[in-house]
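2 protein chains.
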Amino acid sequence: MSTLKGACIIGQSGGPTSVINASAFGAIEAALQSDAITKVYGAANGIVGVLDDRLYDMDAEDMDELRRLMYTPSSALGSCRYKLKDPAADDTDYKRILEVFKKYDVRYFFYNGGNDSMDTCNKISKFMQSSGYECRIMGIPKTIDNDLFGTDHCPGYGSAAKYIATSCMEVCLDARVYDIGMITILEIMGRHAGWLAAAAALASHKGAGPDLVYLPEVDFDMDDFLACVERVYKKNGKCIVAVSEGIHDKDGKFIAEYGHHDQSSKDSFGHSQLGGLAAVLAARVKKHTGAKVRGIEFSLLQRAASHCASQTDIDESYMAGRAAVENAVKGVTDKMVGFERASGASYKCEVKLLELTSVANAEKKVPREWINEEGNGLNSQFIDYALPLIQGQTKQESEDGLPRFAKLKKIPV
Amino acid sequence: MSTLKGACIIGQSGGPTSVINASAFGAIEAALQSDAITKVYGAANGIVGVLDDRLYDMDAEDMDELRRLMYTPSSALGSCRYKLKDPAADDTDYKRILEVFKKYDVRYFFYNGGNDSMDTCNKISKFMQSSGYECRIMGIPKTIDNDLFGTDHCPGYGSAAKYIATSCMEVCLDARVYDIGMITILEIMGRHAGWLAAAAALASHKGAGPDLVYLPEVDFDMDDFLACVERVYKKNGKCIVAVSEGIHDKDGKFIAEYGHHDQSSKDSFGHSQLGGLAAVLAARVKKHTGAKVRGIEFSLLQRAASHCASQTDIDESYMAGRAAVENAVKGVTDKMVGFERASGASYKCEVKLLELTSVANAEKKVPREWINEEGNGLNSQFIDYALPLIQGQTKQESEDGLPRFAKLKKIPV
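Taken in sequence, the protein lines are chains A and B.
Count along the first sequence starting at 1, add 31, and that's the number in our numbering.
Count along the second sequence starting at 1, add 31, and that's the number in our numbering.
It is worth saying that the hints were derived from the structure and are not from the lab.
Repeated chains share a single entry, so a pair holds when one copy, or any two copies, can fit it.
No farther apart than 30 Å at their CA atoms in a straight line, the calculated lysine-lysine pairs in the DSSO-like style are these:
1. Lys-114 to Lys-318
2. Lys-440 to Lys-134
3. Lys-441 to Lys-265
4. Lys-426 to Lys-438
5. Lys-379 to Lys-395
6. Lys-318 to Lys-284
7. Lys-265 to Lys-114
8. Lys-36 to Lys-126
9. Lys-284 to Lys-323
10. Lys-133 to Lys-157
11. Lys-157 to Lys-396
With the sequences and hints as input, model every part of the structure.
Next comes the structure, spelled out in structure tokens:
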């Protein structure tokens, strides 16, 4: 394999996670250490920073601060939700990217994001190939949603799952404290796949979790739901329910849209903006049972709560970033770094390279057979899958009793 | 001082905190160790458990599990929001309490709660005295609101403040990640006092916090608020605001009630049930600025997030529980355990005993001079006050990557 010498760009895209910067650090550190990579740039706000020629000089950063990226949530380089057009219809953006790549002699591009970002990688790579510009392009996955195809799990999921399970345990203790009836509805992120809501079942597994868990993998039936809630409530005087924001009825209509009919709010990928589901369900449950009902949205903390991150997830995210660079330098291109479990009794995560084309825009769901027959809980197959991913307390440094995050200089090039 | 021999009851009341059980453990441990106290009972759901004769045998618990109460959120014995009537008008409840006290030879009563609970302690004590029944009654404070009169701070506040400041730092990093304008409104608990919302300023002090903080201590002016938000947003493209749920206008009307006019929901103490403030403000801000606006409620996690508790707070809560028992055994009665800071450069917290009558139903607010002149931020006096209270990571034990909470037998007597 011939050595390809040149600069690299590392970019971050899509919704941040509490460990996406651990992947960025892995990639930056490996790139700084590589003889083939002559210069390391960070793209401001992902591909938008490339288009706008807004790059940061990563060689100018202090290594101690860079290392703190391991424990700093959100996307340190900035993110975007920009979707590249189909190059057959409009190749303006691609020509501009090529121009910037040529300007800085960029021969390596590492993009840290979800399935939309893998699509972006794939399109850029195809364009560079058709333009005869030699460039190695690797995707580094991140998504709390855990819905990327072909990988055992995604960097970011373990930490979000740990936060959700921990918070569920705490809320469940709180929700059972009074001598009065109470129904609590916990709204958890996850548009099409229920991995995050499923993490609430880890709390139930430890004896302090929701009574019922609803995922988008099973069509939601309002009457059945109300009957289940009432049954638990009548038996225990309390009922705690975890729901994925993406639950929908058999016609595909989101339950979050049952209450309000504003379907105009869509993001730039055409996805509906969900939310407010807890309020919709709380109103229905209150009407049906007459009980006191509280809705709680875990909201942004699910993807930002680095203080409750899984050290396993942090370490694996870092490994994914390094693997992208190390493999690219060795000649690999057009791959996303994925994970697989090594066979054997104890958990061990190994890197596996996946075709970008196989990952882009595909979604992996919770297997139906991991969900109970009634469709309102998870069985031991899910618990066995998820528990190893949430192990280990974060080694995050603290200062004055609060997290000490990385402070990058972000010097523009 | 004569030794008073007899049983004790320990009860918990009001909204739970993540450290109220540390106080309960301090009291239970000290009671179990005391020669004067012949039997240790826990009241199920506070004073309601006394009225209903539902007591748990604390002597039958395993000491290792009891010790885990230090790191178990919510009220392990159960809580209540029951308000005793004025005994001059109706002394039925008091006679019943006396009956139960006599039945079990209860000579010590320890009540762990907020200012309403101190009022309960005070009324019971007066009744016992007028009935000629010798009984020592001590209040053990807890409230995330930090609004109890006469004490430097309250057990529960430091942990809630640490969680709020930590979460604000994380959310603030997340809220600034995109290359598009965004205004974020964080709704924080606190009905009449702004101590909890003020904790958001600790995040700003560490460089990743809200731009604006609004407390109920300063009358809220909507026009002024919208102008401030717009100014920050125009300058930075982002604006992050922390608001206390209890902010109100100069006529005393809660801003949370600006949007919806349902004032019928009051709790059993006649307090309005607040909430939904973030949504009310988000709608106003969106209309005024045209920006993308997101509202986030920290909700129950503020009082339940034991995984992010302050070890300082845990240790002090434990100390307060022990001090109540140790002082009662020495002859003290009708006092609440309070805290004062020892003089000197470094922080040291000492126990101080306060008259129940001075604490009951009084509220301590954030001093106006700790708030900036514009009324939208805190100054260094608050930071100096609050920082010592959030020091130290919890020593909470974990099992399978999740918190290991106490599992009590709660054997009914």
